[in-house]
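Participant: Produce the entire structure from the sequences given, and follow the hints as far as they go.
So for the sequence shown, the numbering used here puts the first residue at 53; every next one is plus one.
Hints are not guaranteed to be accurate.
Subject to a maximum C-alpha distance of 30 Å in a straight line, what follows is the list of computed DSSO-like cross-link-like pairs (lysine-lysine) [what the hints assert, rightly or not]: (1) 363 x 274; (2) 340 x 274; (3) 340 x 363; (4) 274 x 310; (5) 212 x 274; (6) 363 x 212; (7) 340 x 310; (8) 212 x 340.
Pair by pair, the computed Cβ-Cβ distance ranges are [claimed, not checked]: (9) 212 x 148: 35 to 43 Å; (10) 277 x 116: 24 to 32 Å; (11) 320 x 363: 21 to 29 Å; (12) 313 x 149: 44 to 52 Å; (13) 308 x 170: 42 to 50 Å; (14) 122 x 182: 16 to 24 Å; (15) 147 x 189: 44 to 52 Å; (16) 189 x 238: 33 to 41 Å; (17) 143 x 243: 29 to 37 Å; (18) 370 x 320: 15 to 23 Å; (19) 277 x 363: 50 to 58 Å; (20) 313 x 145: 50 to 58 Å; (21) 188 x 290: 27 to 35 Å.
It should be emphasised that the hints constitute simulated quantities derived from the structure, not laboratory data. Cβ coordinates follow ideal geometry from the N, Cα and C atoms, glycine included.
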Amino acid sequence: MITMSPRDGFSRRRFVSGGAASVFLPTALAKAQTIPPNAPLPPDEAAKIAAERDAASHLTVGVMIDGKGPFRFVVDTGADRSVIADDVAAALGLPIQQQVMVAGVVLTIPAETVRVGTLSFGPIARNDLTVPILPRALLRADGYLGLDAIDGSRVTFDFKNRVLLVASPYHRQSYEVVPPEEARVRVIGEAGHLRSVNCRADGVRTTTFIDTGAEISVGNAKLLSALMEIDPTYLRLETVPLTGVTGGTVQGHITTIKSVHLDSLTFDGCNIVVANLQIFDLWGLRDKPALLIGMNFLREFDRVSIDYGSKELRFDLARLVLAQRA
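Facilitator: So this is what it looks like as C-alpha cells:
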C-alpha cells in the first residue's frame, strides 16, 4: 500500500502478486444522476465481522488460520493472493513450500510460501491455500486478505460503523434494486480484477479500479500524458517518493484533476499522485490511461460495496446528500 511516510513523502508498504496501491486526496463532492473461486457462500447470509482500523486507517478483520487466532488481516481488494506476516507463519509452524515471485512497486523478488489448510473469517472458509510470507515490519499487520479469499462474494466496507460485511452476491431480482441513497457503478473483469471503463478524468477516458489495501490513489503516466495534451500545467514540479515492501523507490508527481466522472458519480477537486507502478503492467494498463482509487477516497462514503458476482460497485451517498442540504 501507499501511505504518508514519517517525512515528506509516501511509503508503499504492500504490493502482493498484482495488488494495487492507491492515493486519493480529494476535496470530493459526489453527485449521482440516479442516487442510487471458491466454495459458495451461505445463501442470503451475511458474514458480519467486527472490524477495526490499523495504523494506516484500513479496515482489518479477525481471521482464523487452521483453527487458530484470530489474527488481524487487512482486507485488500487489489491483491491477487493473501499474504501472511513471517512471525505469524513461524508461530503457527506452517510448513514452508516453494518460492514464488512477489511483485513490488519497483522490484519483483522471490518469497517463501506456506501452506494454509483453512483460512476462515466469519462463516467464510477458504481451503488449501499457498500463501506468500513477508516481514511484519513491512506489512504492519498479521496479513492481508486478497482476492483468493474474497473473490466470488460481496464485500461491504461500512466505514461509519467500522464493520465489514461479507455476503453472497446479489441475486438477479435484487441486482436491479438500487436504494435512493446509493449510486451503482457497473464494472467488468475476471478473477476479481474488476474495473470501470465508464470513467473520465477531466474528459480523458480512464480505466479505474479500487484497491482497499492502499491508502492513496495513483494515476499512470498515460493518464498524465493525455491530460497534458489538454493543458500542459497538469505537469507540476512537486514530487513524492513511493517506496515498496520489496525495496526500491520511484518518484511520483502530484497533480490535480478538476473532476472525475465515474458512471453516475462526479468527484470534484481530486489531487492524485502519478507514477508508473508495476500494477499497471500486471493489469495490462501500461498503455492506456488508468487510475487506482484507494482508502482515503473511499472513506468519504459511509459504505462502499464491491460485488464480485454481480460485478458492480455501490456507494452510500447519505453523508454527501446531508452535506449538500446543510
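Participant: Could you run down the list of hints and mark each one as holding or not?
Facilitator: Okay, the hints, checked on the actual structure:
no.	hint	verdict
1	363 x 274	26 Å, holds
2	340 x 274	6 Å, holds
3	340 x 363	22 Å, holds
4	274 x 310	17 Å, holds
5	212 x 274	35 Å, violated
6	363 x 212	24 Å, holds
7	340 x 310	20 Å, holds
8	212 x 340	35 Å, violated
9	212 x 148: 35 to 43 Å	41 Å, holds
10	277 x 116: 24 to 32 Å	47 Å, violated
11	320 x 363: 21 to 29 Å	27 Å, holds
12	313 x 149: 44 to 52 Å	45 Å, holds
13	308 x 170: 42 to 50 Å	47 Å, holds
14	122 x 182: 16 to 24 Å	21 Å, holds
15	147 x 189: 44 to 52 Å	23 Å, violated
16	189 x 238: 33 to 41 Å	40 Å, holds
17	143 x 243: 29 to 37 Å	31 Å, holds
18	370 x 320: 15 to 23 Å	19 Å, holds
19	277 x 363: 50 to 58 Å	29 Å, violated
20	313 x 145: 50 to 58 Å	51 Å, holds
21	188 x 290: 27 to 35 Å	32 Å, holds
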